[in-house]
Structure formats: structure tokens, C-alpha cells
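Student: Go ahead and model the full structure; you've got the sequences and the hints to work with.
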Amino acid sequence: MQLRANKTNIHIVVKCGLLACVALVLSIVESVIPPPVAVPGIKLGLANVVTLAAMYIMGPASTFFILLVRIILSAVFAGQAVSFMYSLCGGMMCYIATLVLKRFFDGNTIWTLGVIGALCHNLGQLMCAYFVIGFSSIVYYGLVMGLCACITGTFTGLCAQCLINKYNIIKGVK
Amino acid sequence: MRSFCKKKISNAIIIPLVFLLAIAFGVGAWGLKSFCQSGTIAEIIKDGKVIEQIPLSDATKPITVNLGGNVVVIENDGVRMKSASCHDKLCVHQGKIKNSLCPIVCMPNKVTVKIIDGGGDVDAVAGK
Numbered sequence: 121m122q123l124r125a126n127k128t129n130i131h132i133v134v135k136c137g138l139l140a141c142v143a144l145v146l147s148i149v150e151s152v153i154p155p156p157v158a159v160p161g162i163k164l165g166l167a168n169v170v171t172l173a174a175m176y177i178m179g180p181a182s183t184f185f186i187l188l189v190r191i192i193l194s195a196v197f198a199g200q201a202v203s204f205m206y207s208l209c210g211g212m213m214c215y216i217a218t219l220v221l222k223r224f225f226d227g228n229t230i231w232t233l234g235v236i237g238a239l240c241h242n243l244g245q246l247m248c249a250y251f252v253i254g255f256s257s258i259v260y261y262g263l264v265m266g267l268c269a270c271i272t273g274t275f276t277g278l279c280a281q282c283l284i285n286k287y288n289i290i291k292g293v294k
Numbered sequence: 830m831r832s833f834c835k836k837k838i839s840n841a842i843i844i845p846l847v848f849l850l851a852i853a854f855g856v857g858a859w860g861l862k863s864f865c866q867s868g869t870i871a872e873i874i875k876d877g878k879v880i881e882q883i884p885l886s887d888a889t890k891p892i893t894v895n896l897g898g899n900v901v902v903i904e905n906d907g908v909r910m911k912s913a914s915c916h917d918k919l920c921v922h923q924g925k926i927k928n929s930l931c932p933i934v935c936m937p938n939k940v941t942v943k944i945i946d947g948g949g950d951v952d953a954v955a956g957k
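In order, the protein sequences belong to chains S and E.
Position one of the first sequence corresponds to residue 121 (the numbering used here), numbered consecutively onward.
Position one of the second sequence corresponds to residue 830 (the numbering used here), numbered consecutively onward.
Note that these hints are calculated values from the structure, not bench results.
Just so you know, not all the hints are guaranteed correct.
[As the list claims (entries may be wrong)] Distance condition first, Cα-Cα at most 27 angstroms in a straight line; then the derived DSSO-like pairs of lysine-lysine: (1) Lys911/E / Lys163/S; (2) Lys918/E / Lys163/S; (3) Lys163/S / Lys875/E; (4) Lys862/E / Lys163/S.
Tutor: This is how it looks when you write it as C-alpha cells:
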């Protein structure tokens with residue numbers, strides 16, 4: 121991105137702002153939905169839909185800022201310093217994994233990135249949680265979270281896949 | 830676009846893989862759970878310090894521990910968080926724990942409730 125404020129840059133900034141806003145609203149809406157299973161920390165991960173879609177629509181650099189803005193602001197709204205650390209660890213792991221593996225998937229296999237993203241998100245969070253609950257619990261917790269990540273990741277991945285493919289049709293890409 | 834991605838992975842491979850992965854996680858969790866022996870002592874930790882250690886066998890009738898924000902109930906067969914002052918109430922939703930696998934953690938109030946084995950202190954050291 122160039123620093124000069126031309127029309128394209130303003131477009132990018134506005135798009136980033138909008139996507140960050142959507143991600144933020146999704147993460148807040150999601151926190152209101154009661155958890156379906158009695159395992160703490162299990163959630164749908166709807167905000168990952170935006171991260172994934174932005175990765176294809178906006179590119180890696182913009183996605184990074186969208187992710188960062190979403191994590192910081194959702195921590196402000198949730199009002200917990202601890203959840204900020206968890207989100208940051210998880211979000212960064214998810215971002216890196218999506219960035220690296222993105223080129224292997226497109227079209228109707230994008231949903232896989234949702235699963236991989238969810239798994240890596242959990243991995244990041246578990247690394248953070250290691251300092252709180254110790255190793256013996258991490259293993260069991262990780263397995264349960266992994267199972268949930270496969271299910272929720274498929275769902276969010278499919279959402280993002282629909283979004284990206286619709287966007288590409290509108291834009292006339294490919 | 831097509832020629833850019835040389836290694837294409839098709840859905841025919843991914844779907845069974847994800848499915849198998851999910852099953853592996855599920856079986857692993859279930860197996861670990863059935864292997865784990867139940868502990869005997871309930872331990873309450875606040876701000877990194879052990880506050881209470883109560884053997885479950887002492888709880889012939891439910892013992893209520895008030896931590897100022899969190900209310901822990903110790904029963905004969907397990908421990909549960911009765912109420913919490915935080916907004917998400919994750920620890921309350923978790924219900925009763927009966928073994929050392931998954932401790933109840935209330936992040937906002939820095940309260941950890943777990944069940945430890947009476948004999949070995951391995952878990953207590955690891956969790957510290």
C-alpha cells in the first residue's frame with residue numbers, strides 16, 4: 121500500500137473499516153448466543169468468516185489490520201485483558217495458517233481453510249491457556265476443542281466460501 | 830489463476846480427512862476421559878494462591894464456599910460453581926466436575942477450582 125492518499129487507498133481504508141466493523145459486530149453477536157455445549161471457550165467463531173473472506177478479497181496486509189482492529193476492539197467491549205491475550209494468540213495463529221495455506225485452496229474447497237483456521241485458533245489459545253490450567257488439562261481440553269473446531273470450522277468456512285464466490289461473480293473474477 | 834496453483838486439492842480428499850480428524854479428536858477425548866481416575870480433594874485457587882483444600886468425602890452435605898464474586902459448592906461426588914459475578918458465566922455453565930481432567934476456570938475473577946488426587950501431587954505442581 122502506498123502512503124499517498126489517492127482514490128484507491130481511500131477505497132482500501134473504507135473497505136477495511138467496514139470489514140473490521142462487520143467482524144466486530146459478529147463477535148459481539150456471537151458472545152450473546154449461549155454456548156450449546158457445557159465446555160468453556162467453545163464458540164462458533166463467526167468473526168473468522170470475515171478474516172477468511174478478507175484474505176481473498178482484500179489481500180494479506182489489509183486482513184492483518186482488520187484482524188488486529190477486531191481483536192483490540194472486541195477486547196475493549198468484552199472488557200477483559202485476559203480474553204485479549206487469548207484472542208490475540210488464537211487470531212495470529214489462525215492468520216498465519218490461512219496465509220500460508222491459502223494458495224492450495226480456491227473455488228469450492230475454501231471451506232477447508234475455515235477448519236484449519238479454527239484448529240489453529242484453538243492451538244494458539246491452548247498455548248496461552250497452558251499457563252493457566254497446566255498441561256494435563258490441556259490435552260483433554262485440546263481434543264474436545266479440536267472436535268468442536270472441525271464442526272464450527274466447516275460451518276464458518278462454508279459461509280466464507282459462499283461470500284468469496286459470490287464476490288468473485290460480482291467482480292467478474294475468473 | 831488455475832496454472833498459478835499447481836497442487837490442487839479436491840473436495841474428495843478433504844471431506845474424508847476432516848471427517849476422520851473429527852472422529853479422531855472425539856475418540857481421543859472419550860478415551861482419555863474414560864481412563865482418568867477420579868480425584869478426591871477439591872482445591873480452590875484464587876489469584877494463584879491455594880485458598881481451600883477440602884476432601885470430597887467431607888462433604889456429606891453440600892459445602893458452600895463464598896469467594897466474593899464466585900460461589901463454589903462442594904458436593905460428595907464433585908464440585909461446581911454455583912454463581913459468578915462475571916458477565917459470560919462460562920464457569921457456571923460448565924456444571925459439576927468429577928475428575929482432574931478439566932478444571933473450572935473463571936478468568937475474570939482469577940478463580941480456579943479443580944479436583945486433585947489425594948496421593949500424588951503431580952497435577953498440583955503442573956497446574957501451579
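Student: Does Lys875/E sit within 27 angstroms of Lys163/S, going by the straight-line distance between their CA atoms?
Tutor: Holds. Lys163/S to Lys875/E sits at ~26 angstroms (cutoff 27 angstroms).
Student: Could you grab the alpha-carbon distance between Lys862/E and Lys163/S and see if it respects the 27 angstroms cut-off?
Tutor: With Cα atoms ~22 angstroms apart, Lys862/E and Lys163/S stay inside 27 angstroms; holds.
Student: Lys918/E and Lys163/S were given as a pair; does the straight-line alpha-carbon distance stay at or below 27 angstroms?
Tutor: 14 angstroms, holds
Student: Is the straight-line distance between the alpha-carbon of Lys911/E and that of Lys163/S 27 angstroms or less?
Tutor: Given pair Lys911/E, Lys163/S holds - Cα atoms ~22 angstroms apart, limit 27 angstroms.
The structure shown violates none of the earlier numbered hints.
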